[in-house]
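Asker: Sequence:
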Amino acid sequence: MRSSPNRLVATIFGAVYLLVGLLGFAVTGGVGFLATEGGLLLGVFAVNPLHNIAHLLIGGALLAAGLVSARAAKTVNIVVGAAYLLLGVVGFFLVGTPANILALNVPDHFLHLASAIVLLGVGLAAERSPQTATA
1 MRSSPNRLVA
11 TIFGAVYLLV
21 GLLGFAVTGG
31 VGFLATEGGL
41 LLGVFAVNPL
51 HNIAHLLIGG
61 ALLAAGLVSA
71 RAAKTVNIVV
81 GAAYLLLGVV
91 GFFLVGTPAN
101 ILALNVPDHF
111 LHLASAIVLL
121 GVGLAAERSP
131 QTATA
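Numbered per this note's numbering, the sequence shown spans residues 1 to 135.
Source of the hints: derived by calculation from the structure; they are not laboratory data.
Heads up, the beta-carbon is just placed ideally off N, CA and C, and yes, glycines get one too.
A few of these clues could be false.
DEER-style ranges, computed between Cβ atoms [to be verified]:
1. V90 with I53: 15 to 23 Å
2. I117 with S69: 20 to 28 Å
3. G43 with I78: 28 to 36 Å
4. S69 with G43: 31 to 39 Å
Turn these sequences into a full structure, and let the hints guide you.
Answerer: Written as structure tokens, this is what we have:
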């Protein structure tokens, strides 16, 4: 895993998103499953139960791919990164509307865009191949 940036990033991001998904349930007591206004995780990021489940699924996919292979990690990094890029941009237009079923707020958008940049950057970069020693 140390020789693969894709595996390393997928594993770290996966573990973090799993943790965020679990911690989100601590602040969403009494919040409706599809509520457009959620509880604040870390006092900043809005979440509702659906948003927490999304974090758990995304974290699980990233972690599993990171533990399986560089190719799997690269694929999942690109797919999740593209989804986060789309969500980060579209999210700005969802706030304050009934379509905001993930209870997104502006800090969420910037975090999703930052995640997208890292995941896509690593996923789209060429995977390093081990150097062979020459005599």
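Asker: So, for every hint listed, does it hold in this structure?
Answerer: Verification of the supplied hints:
1. Between V90 and I53 the beta carbon distance is about 19 Å. The supplied range of 15 to 23 Å therefore holds.
2. For the pair I117 and S69, the supplied restraint of 20 to 28 Å holds, since their beta-carbon distance comes to about 23 Å.
3. The hinted range of 28 to 36 Å is satisfied by G43 and I78, whose Cβ atoms lie roughly 32 Å apart.
4. As the Cβ distance of S69 to G43 is approximately 38 Å, the hint placing it in 31 to 39 Å holds.
Violated hints are absent here; each numbered hint is respected by the structure.
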